[in-house]
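Enquirer: Chains Y and S, in that order, are what the protein sequence lines are. Here the first sequence stands for residues 1 to 378, numbered as in the numbering used here. Here the second sequence stands for residues 1 to 378, numbered as in the numbering used here.
Derived by calculation from the structure, the hints in this document are not laboratory data. Treat each hint with caution, since some may be false.
Said to hold, decoys possible - Anything over 12 Å on all C-beta distances counts as not near chain Y; from chain S, calculated:
{"no.": "1", "residue": "Pro-20"}
{"no.": "2", "residue": "Val-138"}
{"no.": "3", "residue": "Gly-213"}
{"no.": "4", "residue": "Leu-232"}
{"no.": "5", "residue": "Glu-242"}
{"no.": "6", "residue": "Asp-280"}
{"no.": "7", "residue": "Glu-288"}
{"no.": "8", "residue": "Asp-301"}
{"no.": "9", "residue": "Met-323"}
{"no.": "10", "residue": "Val-357"}
Unchecked claim - Between beta-carbon pairs, the in silico distance windows are:
{"no.": "11", "chain 1": "S", "residue 1": "Arg-105", "chain 2": "Y", "residue 2": "Pro-223", "range": "41 to 49 Å"}
{"no.": "12", "chain 1": "S", "residue 1": "Glu-132", "chain 2": "Y", "residue 2": "Arg-4", "range": "57 to 65 Å"}
{"no.": "13", "chain 1": "S", "residue 1": "Asp-51", "chain 2": "Y", "residue 2": "Gln-74", "range": "51 to 59 Å"}
{"no.": "14", "chain 1": "Y", "residue 1": "Asp-325", "chain 2": "S", "residue 2": "Asp-360", "range": "39 to 47 Å"}
{"no.": "15", "chain 1": "Y", "residue 1": "Phe-367", "chain 2": "S", "residue 2": "Asp-231", "range": "42 to 50 Å"}
Positions of the beta carbon are idealized from the N, C-alpha and C atoms, including for glycine.
There are 2 protein chains.
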Amino acid sequence: MAYRVGVIGGGQLARMMIPPAVHLGVEISVLAESEGSSARLAASQVGDYHDVDVVLEFARGVDVVTFDHEHVPQAVLGALVDAGVAVHPGPSALAVAQDKIVMRRRLGELGLPVPDWAAVHDAAELGVFLAEHGGRAVVKTARGGYDGKGVRVVRAAHEADDWFGALAEDGNGGALLVEELVEFRRELSQLVARRPSGQIVPWPLVETVQRDGVCSEVFAPAPSSAGRLADLADDIAQTVAERLDVTGVLAVELFETTDDRLLINELAMRPHNTGHWTIDGSTTSQFEQHLRAVLDLPLGDTGRHQPWSVMLNVLGGPSTGSMADRLPALMTDQPAVKVHDYGKEPRPGRKVGHVTVIGDDLDEAVFRARAAVEFFTD
Amino acid sequence: MAYRVGVIGGGQLARMMIPPAVHLGVEISVLAESEGSSARLAASQVGDYHDVDVVLEFARGVDVVTFDHEHVPQAVLGALVDAGVAVHPGPSALAVAQDKIVMRRRLGELGLPVPDWAAVHDAAELGVFLAEHGGRAVVKTARGGYDGKGVRVVRAAHEADDWFGALAEDGNGGALLVEELVEFRRELSQLVARRPSGQIVPWPLVETVQRDGVCSEVFAPAPSSAGRLADLADDIAQTVAERLDVTGVLAVELFETTDDRLLINELAMRPHNTGHWTIDGSTTSQFEQHLRAVLDLPLGDTGRHQPWSVMLNVLGGPSTGSMADRLPALMTDQPAVKVHDYGKEPRPGRKVGHVTVIGDDLDEAVFRARAAVEFFTD
């Protein structure tokens, strides 16, 4: 009897679970938000993941439910568990990923390194935090942010008034997260996968470059990261995975500070943009590993095919036409570049695809990956 | 606008085109013979590929039609071409792959090295051939054979009487192919891909081990094959591709004779079992390359991730249960083995999956691949 995985959400993360499902013989189905989703090939159902009945019906035909995103309401997750459905990651782990204030609190309780933070309810409280942190800070909405949305650098207490106002209106607990503006040398990301029965396997620590709050480039492994830095990142991610009972892939986004500390920036409990390089660069991709983990199958080897992998996002896509229109020119110029087209309409800033180059020379791989992306983003 | 490829036939070759289609953003659809086919995830239609109307309807929504197998009748292929549908490989190329007598004749006309052969219509003619070739020969049905079916070693003229009888009944041209029994050191396979506009890209020559007429093991590249042997195989395959106007992937199965010649054994005009190692071992897999080729997109780099790739078929499958049941034990024992489960019911001799191991030591890779297959074939 084949393993059956159901994915809630039809975005590119669900889409990229399809290839390893095909190879492993895993029957994959997707509950998509709409027709024409990125994961439409496996979309067995279109429906609203806020609707308990819709989700329960979807779950009926699968061995385990997992996710393309972290937005499924706790009430729906709870109903699944109550109905005896295996859900990975589970509701209690996801609760930490769904609310940045809960996340900061839990990580603090675990003694893990995070930026200074506070939950602030109004401009006055924000003003106090600013005064204590050199007059500047980062304000984040606790819920619903992604790719730079819901994140703002502020230098005055009134600069988050619109968000405080919205909080009052949506009755959402009434607090924003404020954090110190970390002086960092670079951003890093540590991915691991964990099975319900406990096995954890990491990939190497990677460096990520953000542009306008969105992941733009990933270098794997992170240059000059062997030894203490890599060990520390691995320890942090394994501790998070174990103590929060995360199942499936966990991404821990980190700041490497100018004073040589690692601080946790964000968590994601699913395959993550900073792990896309693994599709072409690792023996086991994050998407295959996620399937194995949520099915509680033994995890795969995470060795690399080549010393370096470079992944660049295609943000926005071409100014005219589609990625497909640009493929012939790119493929002529760069026959070794791996192209990933998410089947989404181009739109400014939108992640519509990515490219990966692997090789034994980092500079060469970066050069070729950047040359490739230019074909898609003129 | 996305590229749209339609595949006739729902077997594992169509199934394995799904992953690269997902990554490249190619919309793939499959005309499957039946529900529950190996390529069911992309099966947009179930119908009989002998039926012109069924095939024309299927072709309406795609940019190019290609194939999981070579059995689509010429009348159907001709109707597609007449309707303005792009068909790759085209009818004239496929005609050569569909009939072994036509194939031998065409290869001979091109001056390519083939075993001694004849088209024989009855036992008397077979007897003449046997007398001229040391009293033994290989008899093959011209059409419909695969995986050792339709192939028989004979030592007496009467040993093909049943097939001669069947020929008379089915009115199928009335001849069998008879060939010298080649004394070979080993079997090799040369794969190339060719675009309609002419570009040809090869993979390295590989060694194949057959068991009961079925491909069992593939070593890539073929050990001790650098230099003259590899160049000759490449020349042969490129000549076949060009002169027969083959588009898509072409596999040329070869004998390396005990007197150091290369003779063409079989041709396949589609992704081929001897190229499955490319999924995990090559920058561009044969399935991605086939999609690129039939869409007339520039072909990808065929470099290897590691010096060696070893692919073993899972023939028959487990004596009880399914491949899926054996995955946990295999994955625990061999975390770096890549498993491919075709989603087919186990049946003696049936190709139900394969495993691939890549690495820098051939013996180690062979050992691990054999250990892996044993989990599936006890």
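Enquirer: Now tell me if each hint is right for this structure.
Expert: These are the hints, each one checked on the structure:
1. A cut-off of 12 Å between C-beta atoms contradicts the statement that Pro-20 of chain S is not in contact with chain Y; the least separation is 8 Å.
2. Against the 12 Å criterion, Val-138 of chain S stays outside the reach of chain Y, whose nearest CB is about 35 Å from its own CB.
3. Every CB of chain Y lies more than 12 Å from the CB of Gly-213 of chain S, the least distance being 25 Å, so the non-interface label holds.
4. No Cβ of chain Y approaches the Cβ of Leu-232 of chain S within 12 Å, the least distance being about 25 Å, so the stated non-interface status holds.
5. Once the 12 Å rule is applied to beta carbons, Glu-242 of chain S is consistent with being away from chain Y; the minimum gap is 20 Å.
6. At roughly 8 Å, the least C-beta separation between Asp-280 of chain S and chain Y is not larger than 12 Å, which violates its mark as non-interface.
7. With a minimum CB-CB distance of about 9 Å to chain Y, Glu-288 of chain S fails to clear the 12 Å threshold, and the non-interface call is violated.
8. A cut-off of 12 Å between C-beta atoms contradicts the statement that Asp-301 of chain S is not in contact with chain Y; the least separation is 4 Å.
9. The non-interface label for Met-323 of chain S is inconsistent with chain Y: the shortest C-beta to C-beta separation is roughly 6 Å, within 12 Å.
10. With a closest Cβ-Cβ approach of about 10 Å to chain Y, Val-357 of chain S is found to fall inside the 12 Å limit, against its non-interface label.
11. Against the hinted window of 41 to 49 Å, the Cβ-Cβ separation of Arg-105 of chain S and Pro-223 of chain Y comes to about 60 Å, which falls outside the hint.
12. At about 59 Å, the beta-carbon gap between Glu-132 of chain S and Arg-4 of chain Y stays in the expected band of 57 to 65 Å.
13. Look at Asp-51 of chain S against Gln-74 of chain Y: about 52 Å separates their beta carbons, and that is inside 51 to 59 Å.
14. With their beta carbons about 40 Å apart, Asp-325 of chain Y and Asp-360 of chain S fall inside the hinted range of 39 to 47 Å.
15. In this structure, Phe-367 of chain Y and Asp-231 of chain S break the distance hint of 42 to 50 Å, their C-beta atoms being roughly 32 Å apart.
In summary, the structure is inconsistent with hints 1, 6, 7, 8, 9, 10, 11, 15 from the numbered list given earlier, while agreeing with the others.
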